[in-house]
Amino acid sequence: MKQTRFTPILSFTALLFASSVAFAGEIKIGFHAPLTGFAAADGKSAVHGAELAVEQINKRGGINGNTLKLVIYDDQASPKNSEPIANKLISKDGVKIAISGSYSGATRAAAGVFQKAKIPYISAYAVHPSITRAGNYVFRTSFVGEVQGRAGAKLVGDVLKKKRVVLITLKNDFGRSLVRGFKEKAASFGINIVSEYEYSIKDRQFGPIIAKVKADKPEAIYATGYFFTAGPLVRQIRAAGLKSVIIGQEGYDSQKFIEIAGKAAEGVIITTSLDRDSKRDVTRNFINAFEKKAGYKSDMVAASTHTAIYVAAAALKKAGGMDPAAIRKGISQTSVVASTGTISFNALGEVQKDVLTQIVRDGNWHYHARISDKALLAPPNE
Amino acid sequence: MTEISLLVQGLLDGSLYALISVGLTLVYGLLRILHVAHAGFFTLGGYLCVVVTNATGSFPLAILVAIVASGLLGMVIYRLVYHPILRHPPFVALIASIGLFIAMEESFRIIFGEQGVAYIAPPLQITLQMGELFLPISKIIAFVAATTLIGGLGLLAAKTRTGIAWRATVTEPEMASSFGINIINVRYLNFFIGSALAAVAGIIFSLTTNLVEPTSGDVWSYKALAIIVLGGLGSMKGTLIACFALGIIEAYCTTNIIGQIMNRDAIAFAFLIVVLMIRPQGLFTKR
Chain X
7 MKQTRFTPIL SFTALLFASS VAFAGEIKIG FHAPLTGFAA ADGKSAVHGA
57 ELAVEQINKR GGINGNTLKL VIYDDQASPK NSEPIANKLI SKDGVKIAIS
107 GSYSGATRAA AGVFQKAKIP YISAYAVHPS ITRAGNYVFR TSFVGEVQGR
157 AGAKLVGDVL KKKRVVLITL KNDFGRSLVR GFKEKAASFG INIVSEYEYS
207 IKDRQFGPII AKVKADKPEA IYATGYFFTA GPLVRQIRAA GLKSVIIGQE
257 GYDSQKFIEI AGKAAEGVII TTSLDRDSKR DVTRNFINAF EKKAGYKSDM
307 VAASTHTAIY VAAAALKKAG GMDPAAIRKG ISQTSVVAST GTISFNALGE
357 VQKDVLTQIV RDGNWHYHAR ISDKALLAPP NE
Chain S
508 MTEISLLVQG LLDGSLYALI SVGLTLVYGL LRILHVAHAG FFTLGGYLCV
558 VVTNATGSFP LAILVAIVAS GLLGMVIYRL VYHPILRHPP FVALIASIGL
608 FIAMEESFRI IFGEQGVAYI APPLQITLQM GELFLPISKI IAFVAATTLI
658 GGLGLLAAKT RTGIAWRATV TEPEMASSFG INIINVRYLN FFIGSALAAV
708 AGIIFSLTTN LVEPTSGDVW SYKALAIIVL GGLGSMKGTL IACFALGIIE
758 AYCTTNIIGQ IMNRDAIAFA FLIVVLMIRP QGLFTKR
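Chains X and S, in that order, give the protein sequences. The working numbering applies: residue 7 is where the first sequence begins, and numbers increase by one. The working numbering applies: residue 508 is where the second sequence begins, and numbers increase by one.
One or more of the hints may lead you astray.
What the hints assert, rightly or not - Over 10 Å on every C-beta distance to chain X, these chain S residues come out as not near it, computed from the model:
(1) 508
(2) 513
(3) 570
(4) 597
(5) 643
(6) 657
(7) 700
(8) 777
(9) 784
Stated by the list, open to error - Going by beta-carbon spacing under 8 Å, a handful of chain X positions derived as facing chain S:
(10) 46
(11) 79
(12) 221
(13) 245
(14) 246
(15) 262
If you're looking for bench data, these hints aren't it; they were derived computationally from the structure. We put the beta carbon where it would ideally sit given N, CA and C, even for glycine.
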């Protein structure tokens with residue numbers, strides 16, 4: 007009797023020791039993404055992409071003999087959640103590097119906290135320009151919204167030679183910063199913006215807007231949005247008999263978009279950073295490994311968090327320890343070939359890389375064109 | 508021409524509002540509960556229709572399953588959630604309803620996944636063309652379904668014994684009870700019909716968007732509340748007029764300067780505020 011009561015305590019103590027031994031060689035990476043709420047689908051891809059990178063790195067022996075471990079929190083894509091999460095990651099979990107797998111609003115709020123605590127922070131795919139302006143500890147591995155918007159203008163006016171354009175703009179940080187970039191360069195590519203309509207992130211029914219767009223008779227529609235707004239939008243545009251070319255951005259970049267829009271998705275062209283027909287091994291490997299792990303086809307969000315983890319890993323390796331200042335320096339000097347391109351940062355912590363355009367053909371994303379105009383794609387520097 | 512298509516769009520959207528708001532009005536009229544979770548049945552109807560269609564290939568079967576299951580769950584919710592707390596002040600039921608709505612959304616996410624569901628081969632995707640006007644058949648069905656179902660409901664209430672019992676329970680519950688009407692059965696019927704109508708709205712929504720997400724009901728939950736307040740809480744006629752008025756106002760306002768300033772959903776509330784300033788009792792008040 008005495009022994010049976012004692013055994014669990016003994017084994018528990020043993021377990022405690024065993025686990026503390028296991029933790030000794032672990033490097034924690036803070037991570038927040040929307041796991042519930044309206045953006046949960048992107049949050050799931052974000053986590054899968056990050057986990058895949060961590061598994062791959064650990065399999066190859068980790069970082070300087072230590073394994074990586076993600077500390078994941080759900081921010082519901084909301085700034086009011088991401089700020090306390092950032093504080094928790096720093097003070098409770100004691101992370102020395104963190105990554106945002108979330109949207110602009112949530113990332114902007116957390117960036118300030120990480121900068122204040124001088125903990126390096128990487129935004130994987132949030133586009134708002136103010137994120138990196140939080141300070142020198144904040145980096146971004148994807149395009150600023152404006153840069154991608156400028157690439158969109160080149161795609162429409164120069165590559166496709168469509169001049170009469172209507173904008174359907176998603177009213178949030180993402181949509182607005184894209185459209186700012188598009189408008190900035192529209193005139194230089196001879197684009198005439200006939201009209202602009204705005205919609206909120208909760209809208210899924212676009213009947214009235216589409217009725218107006220039809221009357222505008224555009225050659226192209228530059229519609230900002232995420233796959234869950236763009237899928238219904240594109241479907242309804244085609245159902246209304248509108249044949250104009252539809253141009254999207256990386257928010258569309260998911261197999262789910264094609265699933266929702268169905269045949270209407272055919273011919274839709276987007277600006278993004280993941281090339282489905284890439285010949286590069288890193289990207290090919292990522293696309294295959296992701297589908298195997300997640301059970302669905304890869305998307306831009308997953309590729310972006312995957313890339314961000316690789317950047318963090320390279321910096322940790324270079325730093326050789328857990329000093330945040332050394333890790334920050336490691337990120338700023340990094341040059342990593344990852345699934346979304348070659349990543350290196352300018353003085354503001356922004357990345358410069360080519361914009362890829364992808365087109366939907368036969369129910370899949372395919373290579374369309376590459377925009378590599380350095381001056382056009384120059385990210386802000388200060 | 509654009510003006511006419513906007514008007515038609517407004518009427519079509521209005522009929523979807525009508526389908527979801529009628530159930531809410533019924534519940535409020537009978538129990539004085541603001542049933543926020545009502546929009547959860549809208550989402551449930553959409554989910555069941557997509558999932559059953561994809562699994563069996565039969566759209567009619569899916570409609571049947573979605574409507575009946577939503578109606579039955581509505582009755583269960585009444586029995587388990589509202590019935591035990593009816594004797595407490597109304598805010599207790601309101602809080603329970605909000606909690607229930609959140610629980611429903613998270614259950615959808617756990618059961619059906621984060622990404623939302625879409626038809627593999629969406630049914631009824633034909634678009635009728637009349638000159639410049641393109642009318643998706645799914646929206647026309649929404650309009651026809653809303654008018655016939657709500658009209659039928661009106662007939663039921665006016666002409667049948669069940670309808671009389673129902674109206675009696677709404678106006679004088681104690682008197683009705685003393686005349687031998689089983690009030691509890693009336694409440695069950697009420698929740699069944701209301702939830703089933705919300706499911707019909709969800710089915711139609713799934714046809715136009717081809718996407719049902721855990722949070723699909725969000726906008727509808729508070730917009731339907733705005734509509735029934737606008738219509739004069741508990742008034743069926745007022746609710747219907749408010750639905751179509753809002754559909755048309757949204758159609759015009761989202762595409763002009765007002766739409767640049769505020770969201771489509773904010774327009775509903777701006778309209779509500781304007782009406783309540785002029786008529787604090789809503790468009791129509793119940794006797």
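Problem set entry | Enumerated hints in conflict with the structure, sorted upward | 1, 2, 5, 11
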